[in-house]
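Protein chains: 2
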Amino acid sequence: MSERIRIVEDIMGANDRLAAQNRADLDAAGVFAINLMASPGAGKTSLIEKTLEKLAGSLRVAAVDGDIATSIDADRAAAAGATAVQINTGGDCHLDAVMLRQALDQLELDQLDLLIVENVGNLICPASFQLGTHKSVLIASVPEGDDKPYKYPTMYKGVDTLVINKVDLLPYIKFNMDYFRQGVELLNPNLETFPVSCVTAEGLDEWVAWVMGNVEGFKQTGK
Amino acid sequence: MSERIRIVEDIMGANDRLAAQNRADLDAAGVFAINLMASPGAGKTSLIEKTLEKLAGSLRVAAVDGDIATSIDADRAAAAGATAVQINTGGDCHLDAVMLRQALDQLELDQLDLLIVENVGNLICPASFQLGTHKSVLIASVPEGDDKPYKYPTMYKGVDTLVINKVDLLPYIKFNMDYFRQGVELLNPNLETFPVSCVTAEGLDEWVAWVMGNVEGFKQTGK
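Residue numbers (the numbering used here), protein chains in the order written: chain A, 1 to 223; chain B, 1001 to 1223.
Simulated from the structure, these hints should not be mistaken for lab results.
Check the hints yourself; a few may be wrong.
Stated by the list, open to error - So the derived label-pair ranges between C-beta atoms look like this: (1) A:G13 with B:D1016: 36 to 42 Å; (2) A:G13 with B:G1091: 15 to 21 Å; (3) A:W210 with B:T1221: 56 to 62 Å; (4) A:E53 with B:R1060: 51 to 57 Å; (5) B:A1079 with A:M177: 22 to 28 Å.
Virtual Cβ for every residue (Gly too), placed ideally from N, Cα, C.
Input sequences plus hints: build the corresponding full structure.
What follows is the structure, encoded as structure tokens:
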């Protein structure tokens, strides 16, 4: 038993050390990095597409897309104008710092301002693995239901920013925004939240302003 | 390295042996069991509620609800008329045969016809752990998007039956049913599929007839 626990600690220790190295390399190159997490189908790739459209010309952006199979997401990010790297995890349910390291090695970091890492669609496992990014962003989506903060507390506790996607579907779905927000507030008080729709574009300007503000603040503080 | 692989093999071996024991106990008691899997918010609990409503009086049903936190799902299943047992996995991203064993020990199996096991909301990890149930059922939901079979092939390959939930939202969402079904067909040819809506009740009679047919067939073949 203690033998097995030691092994797990070693794995996590190695991951955290490599995450710190990833962060140092991003800092040295002046690249602000976001770890984007969500359930399958919450709209990670759609949000990246819309963000790229709005940022076009103003920032140099790369996307790293984690999936257990296919390059659908990287293809979409590339079509939307990003330098895109697909990580196929080969079945693994989350990205880790080693995988991000391999993706970083394929990018010209000096030529970038912003890196968006699209994690594997999963509300549980990605929360346990640091990658070395600067901010963790969770996308909730209205059709998932208003009880998700209560049911996936680790994920909701661990993120810096929350995007509530698919608000265009609110008229067609039973979703109590007050109940949802109460759950969020219990777990992560004062979490900055952006209700958006990638279909109607509602809320996207505010979200993109947050991204721009972070990239600019990061550059100014000298990283 | 080989040491670590041996440990993993031991864990899976133990899980499969206990899954076989769970199956033997369900068979001996004449209880047909379903392992219900899906993304967070695809509608597992809603489908259980609607199934219980339609089965009311005709079958004795228990629900085992797996979550990383809270008893929201078991509370809903109990309110809908099932004997309900909540398994809090304490952070684990899937149910395993040990957890189901503990739940079975809290049920009077001889007093049941049907057991519905609601797995943790996750399209990846639950696919790797046998529980001892008779059928694996996956719920896809329309708002998740039509690319999910391509992106989560292990889950789509491993199930016996597919429910496509939230078809009432098809008018409001870009979802190419042909593209979705092509992906399913590639991975799991001839997979039996039930398009349903737990809001409008569309398709629920066909789904419940499948459940009833399986329970009756199971009883007739003497397990």
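For this session: Could you say whether the range 15 to 21 Å given as a hint is met by the Cβ separation of G13 of chain A and G1091 of chain B?
Result: holds, 19 Å
For this session: Using the Cβ atoms, figure out if A1079 of chain B sits within 22 to 28 Å of M177 of chain A.
Result: For M177 of chain A against A1079 of chain B, whose Cβ atoms are near 23 Å apart, the range 22 to 28 Å holds.
Exercise. CB of G13 of chain A to CB of D1016 of chain B, is that within 36 to 42 Å?
Worked result: violated, 31 Å
Problem set entry | Verdict for W210 of chain A, T1221 of chain B (Cβ pair) under range 56 to 62 Å | With a Cβ separation near 59 Å, W210 of chain A and T1221 of chain B satisfy 56 to 62 Å, so the hint holds.
Problem set entry | Range hint 51 to 57 Å (beta carbons of E53 of chain A and R1060 of chain B) holds or violated | holds, 55 Å
Of the numbered hints listed earlier, the single one contradicted by the structure is hint 1.
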